[in-house]
Amino acid sequence: MNRSQANLLLLAVAVIWGSAFVAQAEGMLGVGPLTFTGIRFLLGATIVLPLAWREWRLLSVRGARPQAGDVLCVSALGVLLMLGAVLQQIGITSTTVTNAGFLTALYVPLVPLLAWLILRTRPHWSVWPTSLGCLTGTWLLSGAQGIDPVVGDIWVIASSVFWALHVLFVGCVAERIAAPFLVACGQFLICGVISLLAAGLGETITLSGIRQAGLPIVYAGVISVAIGFTAQVVGQRYSQPADAAIILSAETVFAALFGFLLMGDRLNASGMAGCALILVCIVVVQIAPLTLAGQFVRR
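full-length UniProt numbering numbers the first residue of the sequence shown as 1 and each following residue consecutively.
Please keep in mind that the hints were generated in silico from the structure rather than gathered at the bench. Please read these numbers as outputs of a predicted model, since none were measured by experiment. Be careful, since some hints might not be right.
What the hints assert, rightly or not - Listed next, with one range per pair, are the computed distances between beta-carbon atoms:
no.	residue 1	residue 2	range
1	Pro129	Glu175	24 to 32 Å
2	Ala273	Ser60	50 to 58 Å
3	Gly264	Trp116	16 to 24 Å
4	Val222	Asn268	32 to 40 Å
5	Glu26	Thr46	36 to 44 Å
6	Thr121	Leu72	16 to 24 Å
Ideal Cβ placement from N, Cα and C applies to all residues, glycine included.
Please build the complete structure, drawing on both the sequences and the hints.
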């Protein structure tokens, strides 16, 4: 898979994640944030398990089974995934979906910053203006109004740090192990188990509540986790972390689109301008490095 194909796959992931915001909000009607996160990620792990088992057997035949260090890396991804998902889910319970979408997008400029600080990887110059452009576009999409800080906003802001760290490291781990389904399934399992264990200590779990949240859980588990997060692992094997962050931020655009199609939401001029700005940034971050390197025609 070349860079352009990987970026298109990540754009499809953004479509999936954008459609899942409504399910995440609706799921809170019957269960708590930890329960919702735990069940949906364990459901995702169950669906991906056959593909992960096939990769495990292929690695065994080649004598390339993951080592203890690889297991620790996947476990760390699962912890980052759990922290990002749970904190975002907690935030959604006490802030608006619009605010949650905007504040989650703070991971976009955080990814190249953390890559520079942690991995000493200098991003292409186009990453910085396009990151700011994505944030500006998301602000316009939210109505171009100042955000009145509430408790939910703080939770979502905290989640953006862990989303940024996850986006930064998931590609490195997937490239190192070369078994994307195994990586995806492992991190889903860790995320789901830790979330449910924490839910057992701090939330009331009832069968009636799970039934009430059943459809959102199934949608979030099958579509967002099993398909979306697994495709993210595959795509980020061949995409730069900063590029991936900007492309994945398009989920805010698709969240608005699904809101328009399914819930009757309407975008004003500011919202349409925000969508256009984010899409322009996505195109620029893919084309600029290739053009300047003289590779655009070949790619």
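Right, here's what the structure says about each hint:
For the hinted restraint 24 to 32 Å between Pro129 and Glu175, the CB-CB distance of approximately 27 Å keeps it satisfied. Judged by the Cβ atoms, the range 50 to 58 Å given for Ala273 and Ser60 holds: they are separated by roughly 53 Å. For the hinted restraint 16 to 24 Å between Gly264 and Trp116, the CB-CB distance of approximately 43 Å leaves it violated. The hint said 32 to 40 Å for the Cβ distance between Val222 and Asn268, and at roughly 33 Å that hint holds.
Checked against the given bound of 36 to 44 Å, the beta carbons of Glu26 and Thr46, roughly 22 Å apart, lie outside it. Under the hint 16 to 24 Å, the C-beta atoms of Thr121 and Leu72, about 22 Å apart, fit the expected range.
This entry does not satisfy hints 3, 5, going by the numbered hints stated previously.
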